[in-house]
Amino acid sequence: MAARLWQVLTDPLVRQNPVTLQILGICSALAVTTALDTALTMAVSLTVVVVLAAGIVSAIRRFIPSTIRLIVQIIVVASLVIVIDQVLQAYFFEISKRLSVFVSLITTNCLVLGRTESFARNNPPLPSMIDALGNGLGYSLVLIVIGATRELFGAGSLMGVQILPTVDQGGWFTPLGLMLLAPSAFFLLGGLVWAIRSARPEQAEAAEHVAPAVAEAGR
Amino acid sequence: MIRGIWDRETVALILVAALAPVAVLWLAEARGAGAVRLVSFVLTIGILHLLFMLARAQPPSAAALVTALALAVFTPEGLGPVQLLLGIAFGVVTAELAFGGWGRNILNPATVALAFLGFGFPAAPWPDVAVQVGWAALPALAFGVLAGVMPGGVVAGAALALGAASALGLPLGPAVPALLAGLALLVCDPVASASTPLGRWLNGALFGGLAAAFLAGWDGAHPVQIVVSAALLAALAAPLLDEIAIALWLYRRRRRLG
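Line by line, the protein sequences give chains A and B.
Oh and the first sequence: position 28 is 13 in this note's numbering, straight run, nothing missing.
Basically this note's numbering = 1-based index in the second sequence + 928.
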């Protein structure tokens, strides 16, 4: 049992990562990763929401009529998101302002709904919450990697602390302005997916088209 | 493609031969520093091609020389080696090698690398294209079109659009060398440009039209910046233009033959 739970927890970190394998929840992953602190805040918020939502949905799973199950799940998720949003506004006002609408948008994050719909609805609370925690951590891992890369190369700092002295401040590092723009998140996520699928070829999708066989003339 | 001696490398070598006048006149103007730059770009891109040959069994291509020349002519000045390496590696790997090597890419690697450098380091000044380099692009285009490795429709479409803009009173003068060199080095890429006859005319006209619009309305933009942006957008639209051309052809055919 413990071994199975451990697998449920660790599978979504790389092997079944929700962002890089299932490409779920990338809109927030792209939007909040210009700096590491916002990425971390978002990762923690989403992990808390997905774990609690999975627990609640799983606890009432026998009482949810299947015709309105999505509505019930969204109500559960939305209530939790409002709580998290209020907590952030109360204790981390600065970051909450920079995250703007993306905390509220956790409600519509495919990752949260995907876990409650596909796992928590059919499993007891403990495995559901562990599965949700694993997925939240997998999402956090991607956010932290991308957020750290973008902040380090875009501004030369991490968590607002200057690591690489930029030219403006008399150092040697020229910030790569592109890293702070939206396209770089796509490039980095694409590179990350490429790297993971090169290391684990079983994740690669089957080719959509097969190239026709060609031969030189006269052969 | 015609079989026989016409394989990918024949096309790449004819392209290199066609662009030789541009290379010679650019080297005559840029001298030693230019030669060092060109050689180091060729080495960098060659090493990337070799890496992909070892990792994925993709044969390296002489088209690396074309990419290196385009980058040497248009790369912003004052960038350090690390920044150049980053930009070139990004352009060549994500625009060409990741798709399976030259011939399977959908965008010109030099255009992508230049756009990356332009967005990534907006403070670096764009280089001025010398007048003789612009004029050298004319025989390059003529030879490339005659030899069949550059799309004639793209040249004609661009000439039409820019001619119309000039006739309407847009002063093209200072941007002509950059426009001609960009047409030869970036836009008339046999792989990344459109591949249907009508699509090629539209592709060239789109490049010319965008360049004219940027010249007219983009304050403070350098001619090279305008050319690179127009080339990137025109190359992105090329598959769509092909799609339009094929849809029109199918429509006409259905009307004629029922």
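Think of the hints as simulated: they come from the structure by calculation, not from any bench.
Note that the Cβ used here is the ideal one computed from N, Cα and C, for glycine as well.
Hints may contain errors.
[Stated by the list, open to error] Among the chain B residues that face chain A by a calculated CB cut under 10 angstroms, a handful are: (1) Ala1026; (2) Gly1029; (3) Ala1173; (4) Trp1177; (5) Tyr1179.
[Unchecked claim] From chain B, some residues computed to sit far from chain A (all C-beta separations above 10 angstroms): (6) Ile942; (7) Val944; (8) Pro949; (9) Leu1014; (10) Gly1048; (11) Arg1180.
[As the list claims (entries may be wrong)] Ranges between beta-carbon positions, derived for each pair: (12) B:Glu937 x A:Glu193: 26 to 34 angstroms; (13) B:Leu1098 x A:Leu90: 39 to 47 angstroms; (14) A:Leu90 x B:Trp1063: 35 to 43 angstroms; (15) B:Pro1167 x A:Ala191: 19 to 27 angstroms; (16) B:Ala1084 x A:Ile148: 27 to 35 angstroms; (17) A:Thr151 x B:Ala985: 37 to 45 angstroms; (18) B:Ala985 x A:Ser64: 51 to 59 angstroms; (19) B:Leu982 x A:Arg47: 54 to 62 angstroms; (20) B:Arg1183 x A:Ala180: 45 to 53 angstroms.
- Task: Sort out which numbered hints this structure fails and list those numbers smallest first.
- Result: 2, 3, 4, 5, 9, 10, 14, 16
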